[in-house]
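Here is how the chains run, residue by residue.
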Amino acid sequence: MKLILAIVQDKDANTLSNEFINVNVQATKLSTTGGFLKSGNTTFIIGVDDERVDEVLKIIKETSHAREQFMAPPVNVDVTGDSAMSYPIEVQVGGATVFVLPVEQFHRF
Amino acid sequence: MKLILAIVQDKDANTLSNEFINVNVQATKLSTTGGFLKSGNTTFIIGVDDERVDEVLKIIKETSHAREQFMAPPVNVDVTGDSAMSYPIEVQVGGATVFVLPVEQFHRF
Amino acid sequence: MKLILAIVQDKDANTLSNEFINVNVQATKLSTTGGFLKSGNTTFIIGVDDERVDEVLKIIKETSHAREQFMAPPVNVDVTGDSAMSYPIEVQVGGATVFVLPVEQFHRF
Ligand code: NI
Ligand code: NI
Ligand code: NI
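Residue numbers (my numbering), protein chains in the order written: chain A, -7 to 101; chain B, -7 to 101; chain C, -7 to 101.
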C-alpha cells in the first residue's frame, strides 16, 4: 500500500476525480492554496496498492500535466467607449506535484 | 513517532475529536470531500508515539466504524395533500480509512 | 526528497508563506482546525530536497515558535457606563508541530 499526495490545479480536479472513480481508485480531496501561485488548487490523498502506483501516476500525468492554452484577454474599453482589438494570449495551465509515501499500516473500519 | 491519517464521516468527527482530547492525543482536522461518496468527510492528522498507535486505532475503529442505522425516509406528499405511509429504511453510516505513516523527524517549536 | 508537514497558528501563516517564497521553497497550504485549541490553524505541505530540510525547519522555528505576547484585554463597561481600568495580559501565541516524512517518489508533471 502507498499513499499518493497529488496537488493539482482546481480546474483539473473534477476530471481527475472522475478518472479515479472510473478505475475504482479511492481518493479524498482537500481544498488547498498554492505556494508560488496564489490561486486555489486541490490536493488528493490516494490510497493504492503497490502494483497500481504506476497506473495512478499515469492518470495524474495525463489529466493534469502543465500545458499551454490560448485565452481571450480581458477586453480593454477606453474612455470613449471604444474597445481595442484584443488577441488571444498563450498561458500555462495545469501542472501536478506528486509525492508517493510509504505506508506502514492500512485499515478500513 | 507515527503519523496517522484517518478519514471519517463528518457525523463522526466531533465524537472522535473529543475522544482524542480525553486521552491527550493531539489531532488536527481537515475538511475533505470523499471519492466515491460525494458527501463531506473529515481527515484527522494525528501525531502519536509508536507505543500508542494501537490505542489510537482502537478509538478510531470504535467511534467511526461502518454500521447500519434506521432512518426515517423523506415524507412523500401527493397532490391531494395526503402523505403516504413511510417506513424507516436501513442505511449504512460511518466507516473510516486509516493510514499509519513512518516519521523521520518530529518537532514541537 | 522529504515531505514536511508543518501545523502553525493562522496568525503566523502568511509570514511563513512569504519566507518560503523568498527562499524558493514550494509549499501548499491547508486550512485546518486544531485539536486541543479550537482555534484555526494552517497546515503546510512542503516538498524539499534532503539537504534543505534543516534550513526549512529553521525557518519554521524562527517564524512560528511559541512565545509570550502582551495583549489588551477586552474593556469591561459596567451598567453606569464607567469602564474599569484594564491591564495588558500575557498570552502565549504561535507554536508549530512539524513532521518530516520519507518520500519514495517525487514527480512534477
Ligand atoms: Ni497533454
Ligand atoms: Ni459499533
Ligand atoms: Ni522568537
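Don't read these hints as lab results, they were simulated from the structure.
Just so you know, not all the hints are guaranteed correct.
When chains are identical, the list treats them as one kind, so a pair holds in a single copy or across two.
[Claimed, not checked] Distance condition first, Cα-Cα at most 27 Å in a straight line; then the derived DSSO-like pairs of lysine-lysine:
hint, residue 1, residue 2
1, K50, K(-6)
2, K3, K53
3, K(-6), K53
4, K3, K50
Using 27 Å as the alpha carbon limit, work out where K3 and K50 are close: within a copy, between copies, both or neither.
within (18 Å within a copy, 34 Å between copies)
At 27 Å max between alpha carbons, let me know whether K3 reaches K53 within a copy, between copies, both or neither.
Answer is within; shortest intra-copy Cα gap is 14 Å, inter-copy 34 Å.
Go through the copies and call it for K50 and K(-6): within, between, both or neither, with a Cα cutoff of 27 Å.
Result: close both inside a copy and across copies, 15 Å intra and 22 Å inter.
When no copy is named, should K(-6) and K53 be tagged within, between, both, or neither for a Cα gap of at most 27 Å?
both (18 Å within a copy, 21 Å between copies)
In terms of the numbered hints stated before, the structure departs from none.
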